[in-house]
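Number of protein chains: 2
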Amino acid sequence: MKLLQDKIINEGQVLSGDVLKVDGFLNQQLDMDLYAKMSQEISAHFSAKNVTKILTVEASGIALAATVALAMHNLPVIFAKKHSTSNRDADFYCTPIFSFTHNKSYNVTIAKRFLTKDDRILIVDDFLARGEAVRGLINLVSQAGATTAGVAIAVEKGYQGGGDQLRAEGIDLYSLAIVDKMDENAITFRP
Amino acid sequence: MKLLQDKIINEGQVLSGDVLKVDGFLNQQLDMDLYAKMSQEISAHFSAKNVTKILTVEASGIALAATVALAMHNLPVIFAKKHSTSNRDADFYCTPIFSFTHNKSYNVTIAKRFLTKDDRILIVDDFLARGEAVRGLINLVSQAGATTAGVAIAVEKGYQGGGDQLRAEGIDLYSLAIVDKMDENAITFRP
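Protein chains in written order, with the working numbering: chain A, 1 to 191; chain B, 1 to 191.
Don't read these hints as lab results, they were simulated from the structure.
Warning: the hint list may mix true and false statements.
The list treats identical chains as one, so a pair stands whether inside a single copy or across any two.
[What the hints assert, rightly or not] In silico BS3-like cross-links for lysine-lysine, where the CA-CA straight-line distance does not exceed 25 Å:
hint, residue 1, residue 2
1, K21, K112
2, K37, K2
3, K21, K82
4, K49, K181
5, K112, K181
6, K112, K7
7, K104, K82
8, K104, K37
9, K104, K117
10, K37, K112
11, K2, K112
12, K104, K49
13, K104, K2
14, K117, K181
15, K7, K21
16, K2, K82
17, K82, K181
18, K82, K37
With the rest of the complex left out, here is chain A (with noise of 0.2 Å):
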């Protein structure tokens, strides 16, 4: 999506450490136009895949999965949660995650009554690295006897393979820019 790559091009910044900050128009700030015009694109892209809801993880997916799901007809959103609360279900679904931004394990979990068997789920996330996340979201699917229609995300970071893996394995992987390559002085696309 040629809108999203000018945005990384002009306003994102290579750190050190692999670190692609995009933080003042995808996360922290948010670009309510480019979510809008991103909620479309993917909207678009599966609009024939008879998704009956859209799954991500907090926090930072949130904000893409609810416009997402607005361009899709008002689809319900679930999100798996990493924290336990105190009104927390006694039944869930429970995955471990590894964030390599935080360096650490989470157990996420999702009530088991929000994910049946005939649901068809549309994982969405802004972020694709090594491809952690959506493989434990793929795993809770997978729990509830559920089916992953596909996988929606903004940015994927191609170099790192952990989408091609998704790809191969037959998933519905759909990314809005694929960055192939980056270092302090340029960022190339996947055309």
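Guided by the hints, dock chain B onto chain A, whose structure is given.
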């Protein structure tokens, strides 16, 4: 807002420990028809306030902040973060917020470049009880020399007094449903 009150009556649950469980439509699973209508209502209330940005705190306020932003002609959303990450700006505003749900205090932060003295901020969150989160966010706005144009909340626990205290201080606080009393048998809303 009658639609939200009806949802709370029909699908909400009052649990011990003063917990109003609404995770089937307001958090964890989000009813996006409801979110779209709540956002229109909030947008209408604050339309004359010249709001420049929507501010919330991760995680559960993000969805409502994003949908309100779309309803208000794609205003930018910014959110305060609870967790330090490796790519955080060196220059940030910080305030402690005590969470009764998690029974601990968080330092929440926002990069200074996202809040300027010319900003007129609409604070959005899903819940307000004692008002700790909103006070923390107002504090961040003040630190930047910006203006709090108003506060929009989905569900306020009116009987805990945090909301009325903010109103007494002159804050334009607009809650879509104010619970004045609740127990296992009944939930009473403020007219």
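Hint-by-hint comparison with the structure:
1. Taking the shortest Cα distances, K21 and K112 sit within 25 Å of each other only across copies (15 Å), while inside one copy they are farther apart (35 Å).
2. For the homomeric pair K37 and K2, the shortest alpha-carbon distance inside one copy (11 Å) is at most 25 Å, but the shortest distance between copies (32 Å) is not.
3. Taking the shortest alpha-carbon separations for K21 and K82, both the intra-copy value of 23 Å and the inter-copy value of 18 Å come in at or below 25 Å.
4. In this assembly of identical chains, K49 and K181 lie within 25 Å of each other by CA distance neither inside one copy nor across copies; the values are 31 Å within and 44 Å between.
5. Taking identical chains as interchangeable, the C-alpha atoms of K112 and K181 are never at most 25 Å apart, the minima being 40 Å within one chain and 30 Å between chains.
6. Taking identical chains as interchangeable, the C-alpha atoms of K112 and K7 lie at most 25 Å apart only when they sit on different chains, with a minimum of 21 Å there against 38 Å within one chain.
7. Taking CA atoms no more than 25 Å apart as the test, K104 paired with K82 passes in both settings, with 12 Å inside one copy and 16 Å between copies.
8. Taking identical chains as interchangeable, the C-alpha atoms of K104 and K37 are never at most 25 Å apart, the minima being 33 Å within one chain and 38 Å between chains.
9. Taking the closest pair of Cα atoms, K104 and K117 never come within 25 Å of each other, the shortest separation being 31 Å inside a single copy and 37 Å across copies.
10. Taking the closest pair of Cα atoms, K37 and K112 never come within 25 Å of each other, the shortest separation being 32 Å inside a single copy and 27 Å across copies.
11. In this assembly of identical chains, K2 and K112 lie within 25 Å of each other by CA distance neither inside one copy nor across copies; the values are 39 Å within and 29 Å between.
12. For the identical chains of this complex, K104 and K49 are neighbours neither inside a copy (34 Å) nor across copies (43 Å), given an alpha-carbon limit of 25 Å.
13. For a Cα distance limit of 25 Å, the shortest separation of K104 from K2 qualifies neither inside one copy, at 34 Å, nor across copies, at 43 Å.
14. Taking CA atoms no more than 25 Å apart as the test, K117 paired with K181 passes in neither setting, with 39 Å inside one copy and 38 Å between copies.
15. With identical chains, the CA atoms of K7 and K21 are at most 25 Å apart within one copy only, with a shortest distance of 11 Å there and 40 Å across copies.
16. Proximity of K2 and K82 under a CA criterion of 25 Å is satisfied in neither setting, with 33 Å inside one chain copy and 32 Å between copies.
17. Within a single copy, K82 and K181 get their C-alpha atoms no closer than 31 Å, and across copies no closer than 31 Å, so neither meets the 25 Å cut-off.
18. When the C-alpha separation of K82 and K37 is checked against a cutoff of 25 Å, the pair qualifies neither within a copy, at 28 Å, nor between copies, at 28 Å.
Of the numbered hints stated above, those contradicted by the structure are hints 4, 5, 8, 9, 10, 11, 12, 13, 14, 16, 17, 18, listed in ascending order.
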